[in-house]
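J.: Sequence:
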Amino acid sequence: MSVLPTNLETLKRRAKQSIMPLLTPHLLKLRLNTYAPYIGAGIKIDHISLDQGLCVVSMGLNTLNKNIVGTQFGGSLYSMVDPFYMLMLMHQLGSNYVVWDKSSHIDFIAPGNSKVTARMKIPSSEIITIQDLAKEGEAVFREYKVDIVDEQQKLIATVTKTLYIRLRKYSKSKEQVNRIDTFDAQ
0 MSVLPTNLET LKRRAKQSIM PLLTPHLLKL RLNTYAPYIG AGIKIDHISL
50 DQGLCVVSMG LNTLNKNIVG TQFGGSLYSM VDPFYMLMLM HQLGSNYVVW
100 DKSSHIDFIA PGNSKVTARM KIPSSEIITI QDLAKEGEAV FREYKVDIVD
150 EQQKLIATVT KTLYIRLRKY SKSKEQVNRI DTFDAQ
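Numbered continuously in numbering that gives the first Met the number 0, the sequence shown closes out at residue 185.
The hints are simulated quantities; they were obtained by calculation from the structure and are not laboratory data.
Heads up, the beta-carbon is just placed ideally off N, CA and C, and yes, glycines get one too.
A portion of the hints provided could be inaccurate.
To be verified - Here are the simulated distance ranges between beta carbons:
no.	residue 1	residue 2	range
1	E137	T62	33 to 39 Å
2	H25	E150	37 to 43 Å
3	E137	H25	33 to 39 Å
4	Q51	K114	42 to 48 Å
5	K65	G93	23 to 29 Å
To be verified - Below, simulated SDA-like cross-link-like pairs (lysine to any residue); rule was C-alpha separation at most 20 Å, straight line:
no.	residue 1	residue 2
6	K144	P122
7	K144	R167
8	K101	T70
9	K153	K101
10	K144	I47
11	K120	E137
12	K120	S103
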């Protein structure tokens, strides 16, 4: 016998999960490529595979992402890589884990005055390491670096992201909703 949820949000979430199909890589890529801030900045997801822990994102130089000196706006460079490590880890670790961005840092190396690309990868060995570190309930902080390069593979910027990961049952953020499966179009 099933117990009806008492919370309206829980009921809505369960209804959505049963009605909406899981996002395929193609649908996730389409959704991200139609995300208004990415359209405005000229950011394009070239490849995404949450199962493989791989994402490739690019951004051409245009009037909407050009700064006062004619190079890529730093905020747009950062936006290229902002959500992807969190998305990949949430997917690969599953709903038993809470994943949050903790901090970020960007080093600007050279001016970006052409198309730039960032390639983010989480190897399967990293997932095993995280699971091993988190198994006793402690918070795990992992650092990921991603280089943003131009068309000649010249380094434009390096972004360092620190993520907080913890088994859900030990986290104060137990109620964090994993929206990857249902990715709201809000």
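J.: Now look at each hint and say whether the structure bears it out.
T.: Results of checking the hints against the structure:
| no. | hint | in the structure |
| --- | --- | --- |
| 1 | E137 <-> T62: 33 to 39 Å | violated, 48 Å |
| 2 | H25 <-> E150: 37 to 43 Å | violated, 26 Å |
| 3 | E137 <-> H25: 33 to 39 Å | holds, 37 Å |
| 4 | Q51 <-> K114: 42 to 48 Å | violated, 24 Å |
| 5 | K65 <-> G93: 23 to 29 Å | violated, 40 Å |
| 6 | K144 <-> P122 | holds, 13 Å |
| 7 | K144 <-> R167 | violated, 25 Å |
| 8 | K101 <-> T70 | violated, 28 Å |
| 9 | K153 <-> K101 | violated, 28 Å |
| 10 | K144 <-> I47 | holds, 18 Å |
| 11 | K120 <-> E137 | violated, 24 Å |
| 12 | K120 <-> S103 | holds, 17 Å |
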